[in-house]
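K.L.:
Take the sequences, apply the hints, and build the full model.
From first to last, the protein sequence lines are chains A, B, C, D, E and F.
Heads up, the first sequence is in the numbering used here, so the first residue is 4 and it goes up one at a time.
Heads up, the second sequence is in the numbering used here, so the first residue is 4 and it goes up one at a time.
Heads up, the third sequence is in the numbering used here, so the first residue is 4 and it goes up one at a time.
Heads up, the fourth sequence is in the numbering used here, so the first residue is 4 and it goes up one at a time.
Heads up, the fifth sequence is in the numbering used here, so the first residue is 4 and it goes up one at a time.
Heads up, the sixth sequence is in the numbering used here, so the first residue is 4 and it goes up one at a time.
Please keep in mind that the hints were generated in silico from the structure rather than gathered at the bench.
Treat the hints loosely; a few may be bogus.
[Said to hold, decoys possible] In silico lysine-lysine, DSBU-like type, Cα no more than 30 Å apart, as pairs:
(1) B:LYS165 / F:LYS197
(2) E:LYS197 / C:LYS165
(3) D:LYS179 / A:LYS179
(4) E:LYS165 / A:LYS199
[To be verified] Going by beta-carbon spacing under 7 Å, a handful of chain B positions derived as facing chain A:
(5) CYS77
(6) PRO96
(7) VAL152
(8) ASN160
(9) ALA163
(10) LYS179
(11) HIS234
(12) ALA237
A virtual CB, placed ideally from N, CA and C, is assigned to each residue, including glycine.
As a plain string of letters, each chain reads:
6 protein chains.
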Amino acid sequence: MEKPIRDRTRKAAQGRAARAKPLRARSGSRRTAPARKEAPAVGGAAAADDTVITALELEAAPLSPAMAAYFEKCREKLGFVPNVLKAYAFDMPKLEAFVAMYNDLMLAPSGLSKLEREMIAVAVSSHNRCYYCLVAHGAAVRQLSGDPVLGELMAMNYRAAKVTRRQRSMLDFAVKLTAEPWQVEEADRETLRKAKFSDRDIWDIAAVAGFFNMTNRVASATDMRPNRVYHGQARTPATERS
Amino acid sequence: MEKPIRDRTRKAAQGRAARAKPLRARSGSRRTAPARKEAPAVGGAAAADDTVITALELEAAPLSPAMAAYFEKCREKLGFVPNVLKAYAFDMPKLEAFVAMYNDLMLAPSGLSKLEREMIAVAVSSHNRCYYCLVAHGAAVRQLSGDPVLGELMAMNYRAAKVTRRQRSMLDFAVKLTAEPWQVEEADRETLRKAKFSDRDIWDIAAVAGFFNMTNRVASATDMRPNRVYHGQARTPATERS
Amino acid sequence: MEKPIRDRTRKAAQGRAARAKPLRARSGSRRTAPARKEAPAVGGAAAADDTVITALELEAAPLSPAMAAYFEKCREKLGFVPNVLKAYAFDMPKLEAFVAMYNDLMLAPSGLSKLEREMIAVAVSSHNRCYYCLVAHGAAVRQLSGDPVLGELMAMNYRAAKVTRRQRSMLDFAVKLTAEPWQVEEADRETLRKAKFSDRDIWDIAAVAGFFNMTNRVASATDMRPNRVYHGQARTPATERS
Amino acid sequence: MEKPIRDRTRKAAQGRAARAKPLRARSGSRRTAPARKEAPAVGGAAAADDTVITALELEAAPLSPAMAAYFEKCREKLGFVPNVLKAYAFDMPKLEAFVAMYNDLMLAPSGLSKLEREMIAVAVSSHNRCYYCLVAHGAAVRQLSGDPVLGELMAMNYRAAKVTRRQRSMLDFAVKLTAEPWQVEEADRETLRKAKFSDRDIWDIAAVAGFFNMTNRVASATDMRPNRVYHGQARTPATERS
Amino acid sequence: MEKPIRDRTRKAAQGRAARAKPLRARSGSRRTAPARKEAPAVGGAAAADDTVITALELEAAPLSPAMAAYFEKCREKLGFVPNVLKAYAFDMPKLEAFVAMYNDLMLAPSGLSKLEREMIAVAVSSHNRCYYCLVAHGAAVRQLSGDPVLGELMAMNYRAAKVTRRQRSMLDFAVKLTAEPWQVEEADRETLRKAKFSDRDIWDIAAVAGFFNMTNRVASATDMRPNRVYHGQARTPATERS
Amino acid sequence: MEKPIRDRTRKAAQGRAARAKPLRARSGSRRTAPARKEAPAVGGAAAADDTVITALELEAAPLSPAMAAYFEKCREKLGFVPNVLKAYAFDMPKLEAFVAMYNDLMLAPSGLSKLEREMIAVAVSSHNRCYYCLVAHGAAVRQLSGDPVLGELMAMNYRAAKVTRRQRSMLDFAVKLTAEPWQVEEADRETLRKAKFSDRDIWDIAAVAGFFNMTNRVASATDMRPNRVYHGQARTPATERS
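P.N.:
Right, here's the structure in full:
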């Protein structure tokens with residue numbers, strides 16, 4: 004039987020890595036051992052799959068104390084370390100800069116709710132057809148909204164979603180900024196202001212949309228793979244959960 | 004609190020319908036009564052939601068005997084009648100022509116497996132960002148493959164999926180035919196032949212890709228809504244199901 | 004002198020077919036004998052050209068009684084069997100499903116006139132640059148309108164045509180649905196309603212536009228060739244015909 | 004009955020012109036009198052239609068001696084003055100510059116045959132969906148080739164045409180240069196050189212493609228209308244003409 | 004050290020030319036000798052660079068008296084002969100037609116100022132990403148406006164420029180006509196009329212936009228290189244020049 | 004005389020701000036006072052112009068000690084604080100995260116030279132037509148390369164630039180990742196590996212391209228304006244500077 008082509012390119016990547024004789028023993032690398040611990044909820048095959056996170060051979064660096072604590076916090080709160088963090092973990096300054104910007108944008112106080120920021124993330128990632136971000140942030144929309152359908156709508160075509168007019172204008176701005184940033188003008192900002200977004204909110208919409216235009220591209224360039232555990236998350240409406 | 008805009012346009016549609024004084028009593032129309040019976044597995048809110056299927060006010064016609072039998076078969080085998088069928092049910096010749104073509108393309112013997120035909124359906128619908136078809140046929144890919152991730156990959160970016168080279172060339176052809184049909188030439192057919200597709204298989208790839216380019220547009224033009232039950236289907240890997 | 008490249012690929016196709024040893028004798032196949040009878044009006048070279056209809060080698064199946072009668076009716080009324088029908092004739096269920104859907108969409112009672120449905124067909128096919136459909140349905144627009152220029156305008160740029168505002172909104176909807184179906188929303192349907200199209204008319208516009216998005220792709224995928232006789236049809240204004 | 008919208012905008016244009024009180028009496032203007040003489044072959048309605056050539060109100064200037072002679076030559080050889088010339092005739096330096104460039108490009112000695120230059124004209128105009136140029140130069144391709152189908156193929160999708168490989172590479176270059184000139188590079192020129200085009204031929208391909216990218220836009224910007232007589236020209240294969 | 008690839012393709016071009024044994028001695032050709040005289044202001048390396056103007060090997064023809072006088076006038080007024088003129092100088096009728104049309108469009112009396120015509124030239128060339136025209140006409144905008152930033156804005160994104168509403172509507176028309184000429188309609192002309200452009204001005208906007216759509220493509224097709232001297236021109240605001 | 008439209012929208016923005024009664028006195032805000040000190044080299048009008056940096060009214064926050072030191076360092080080394088930093092200065096965590104990521108990407112050790120990273124910045128910003136980034140990073144390319152033309156080439160059409168094959172493949176990857184990230188696959192990474200880029204280099208190319216896809220959008224969404232001083236920088240070849 005013919006082998007799936009992704010498997011073969013990944014096998015090749017592993018082979019290349021092996022030949023490259025990394026400084027640290029492969030058995031202790033990010034690609035095998037840690038995975039065993041990190042994603043136990045997903046089960047055998049899934050856990051194995053999560054051990055290859057990108058198409059690039061980049062040796063994990065020792066975690067800085069701050070990042071070690073952060074990874075530990077992820078395991079406690081989420082049950083796993085998101086693969087994007089492991090992907091950046093070959094270089095501590097890059098990982099730390101990414102984490103600082105991500106947490107500020109998605110979690111710091113803002114006129115946009117956390118759900119709205121995740122909705123922007125998914126609508127932008129849908130335009131860019133970014134597999135990693137659609138899976139990870141689609142799960143976040145399902146979780147934060149308690150509505151398993153909303154994540155799908157954002158990932159497939161946000162124009163079909165039942166959102167408020169205000170949210171719709173926010174998403175239209177974010178997607179226009181993604182598709183043809185050169186066309187964004189004062190009239191677009193005025194539309195947001197009429198929908199009661201402050202200038203500070205407009206910055207946040209732009210910054211979140213901009214950020215996912217960055218991460219979508221890093222993920223696509225490196226063939227980044229989401230943790231399999233995301234797929235099953237929050238598939239039941241909040242109202243029906245026990 | 005602001006109301007979702009979709010709700011309001013649908014409310015308006017219902018109002019318009021009421022004002023239009025349809026010949027048949029509204030209480031007996033397709034939009035309320037049948038739904039109660041058809042989708043019991045989904046539960047309260049979902050069932051109610053499934054009663055408005057498109058943005059068009061089209062009175063359901065009496066089912067012809069053949070179509071009544073077909074709907075009954077759907078309820079037996081699937082537990083529900085797919086909304087696309089109810090959407091076409093305002094006119095029996097249209098419903099029958101649709102069912103005949105659909106069943107021939109997706110279920111008749113072919114060099115393409117049923118899963119492969121569903122993969123084409125989803126890859127094409129992803130290019131066209133058709134919410135209805137992505138939900139309904141994404142579920143079919145999950146079901147037929149026993150792989151809950153594969154449906155997501157097809158819906159988000161088929162290029163990231165682990166498929167055989169042969170399947171990849173099939174999907175590339177279908178998506179090129181969707182995006183820029185005027186560019187398809189002998190060289191594209193030759194690529195399929197080199198991947199061991201017969202001329203008859205090439206017809207089937209073209210016909211399935213063409214068909215979903217039709218239904219994607221009918222669904223988008225009418226704001227067709229998938230049965231909510233699809234969302235939860237086949238989210239667990241076949242290997243882990245009891 | 005250099006040979007045209009199309010000729011060579013078709014020669015290759017014929018060679019491939021010969022090597023494939025079809026079950027029926029080639030001399031009795033759809034590709035030669037029937038053509039001699041079907042398109043006598045076109046004359047020598049043209050008739051020969053009409054014998055190769057697609058780039059796929061698909062052996063014609065025996066016509067079912069219904070389809071034999073239908074082909075006969077085509078010969079009586081049109082003087083020839085449209086090549087698209089011969090292209091589907093390798094498989095009776097496919098041919099019958101296609102004929103049923105085509106005839107319902109283009110000929111059954113509708114709020115759209117037959118000419119309007121043909122105008123949609125040509126405007127959609129122009130967007131998709133489908134040679135087969137532009138030739139066959141461009142001739143239909145010329146014939147039904149008695150205006151030899153209107154068919155050209157639809158095929159080249161419908162925006163330049165002298166049509167009513169109502170027809171223009173119908174064509175704008177059909178072409179937007181063709182070019183970017185994901186952008187079609189309630190506002191687009193409202194524009195049609197304001198132009199006095201009923202919800203049933205909107206369905207028909209969507210269904211015809213959708214159908215030609217399917218056939219354009221089947222034709223492009225198979226390099227389907229129109230009967231040459233279409234080219235000369237209805238080139239004189241109705242008012243000047245004797 | 005609803006009036007065609009084109010008619011109304013043209014009526015408005017004529018009204019605007021009337022209000023503008025042009026220096027010369029309207030009855031003696033380009034828009035009525037000359038037309039009576041110039042296109043007698045087309046007959047009543049057509050001749051009337053040919054009297055409004057663009058959507059702009061530009062008073063015809065007195066023809067310079069050189070241009071008067073050139074128009075006379077057109078009438079002798081073609082039986083009519085092409086509308087594009089009348090459109091430029093509001094300003095003699097513009098008309099003369101246009102005529103000089105046109106005649107040099109399309110008629111002067113070149114490694115490209117006149118038919119090949121017309122094929123480029125039509126393939127470029129098809130990409131730009133320019134009604135004027137497709138009608139006028141489509142007729143030229145039919146005439147020069149003696150093949151009524153070739154003009155249609157160029158206008159609809161040149162990729163489907165039976166042309167030599169050399170001609171195909173010429174058309175591919177011209178259309179790429181039209182669609183995305185920023186992508187044209189040395190490799191594209193090398194492809195032409197391999198097809199035995201000299202550097203001088205490459206210039207001519209570029210210059211003809213460039214020229215129609217200009218005229219397509221002037222025609223579209225002004226809603227320029229072709230002489231109706233073009234539509235019927237050369238619709239019969241040369242081999243069948245008496 | 005690796006050699007820049009442009010250098011290599013140009014070296015190859017020179018090699019090809021040498022092998023082709025042109026009729027005139029290479030040392031006397033346009034490619035070396037004249038450059039020494041024509042662009043002294045730029046200095047050594049730059050002057051050498053200006054000796055290869057396009058990727059095509061086209062032997063300069065003897066200048067006609069009119070063109071010799073014109074080149075002389077360029078040297079007097081500009082200090083150099085623009086490379087586009089040298090590129091056309093392999094054939095006098097082509098050069099003369101180009102010069103006649105260029106001078107009429109850009110320098111003859113018009114309702115558009117010379118600066119406005121240059122602004123159209125640059126906005127169009129920016130859409131087409133034409134290196135030659137952006138450099139040469141960007142310098143013209145800087146020069147005519149006395150505003151070194153305005154040329155950059157036009158070349159980078161005219162939508163960000165501080166221009167009058169009237170100029171903005173002119174540029175929007177020109178760029179729409181460049182990007183999707185098939186969409187230009189009466190409503191677009193009406194927008195210009197509302198901004199107080201006469202029908203004659205509309206012609207001029209269309210003609211200038213059309214012209215640069217031609218020259219952009221000739222320049223891209225031939226890899227035409229601007230004189231280096233343009234780069235430094237008018238980089239200081241007029242108000243600050245001594 | 005008609006006022007430029009940009010001025011008016013900015014005036015409106017200032018009016019809005021005034022009405023909004025910010026907590027801090029306007030006279031002490033970022034928008035006037037600091038500018039006087041920061042960009043003395045540019046002169047009167049320019050300095051005034053630099054006081055309005057974005058279309059959003061966001062009150063500058065007090066600089067954190069780290070950021071105050073960083074701004075001071077900018078003034079020392081560059082002579083001014085880049086406007087992008089002032090634009091982020093309404094919120095210290097955002098400014099610090101931006102600075103950390105920017106400095107790591109553009110200045111930390113990498114297999115890509117600083118010039119190469121700036122070339123990616125400009126090629127990406129050119130695709131996105133981002134005025135701010137083209138001006139600021141175009142100047143950086145001119146400065147780091149000592150070649151005033153190279154910055155223009157990157158900003159106008161990098162495909163026309165004289166770069167090494169290796170650099171060209173780097174830029175092609177970055178621009179493909181910008182234009183259609185969903186199409187980037189293993190074959191694209193392999194092309195980079197063949198050009199002797201390590202997997203770590205590939206990460207850096209992706210990360211720099213991704214970063215400017217973010218900042219381009221933040222700049223376009225907020226109409227960010229570059230310091231005028233950039234325009235005149237490094238316009239003379241390094242070899243000719245005294």
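K.L.:
Please list, smallest to largest, the hint numbers that this structure does not respect.
P.N.:
As far as the earlier hints go, 5, 6, 10, 12 are violated by this structure, in ascending order.
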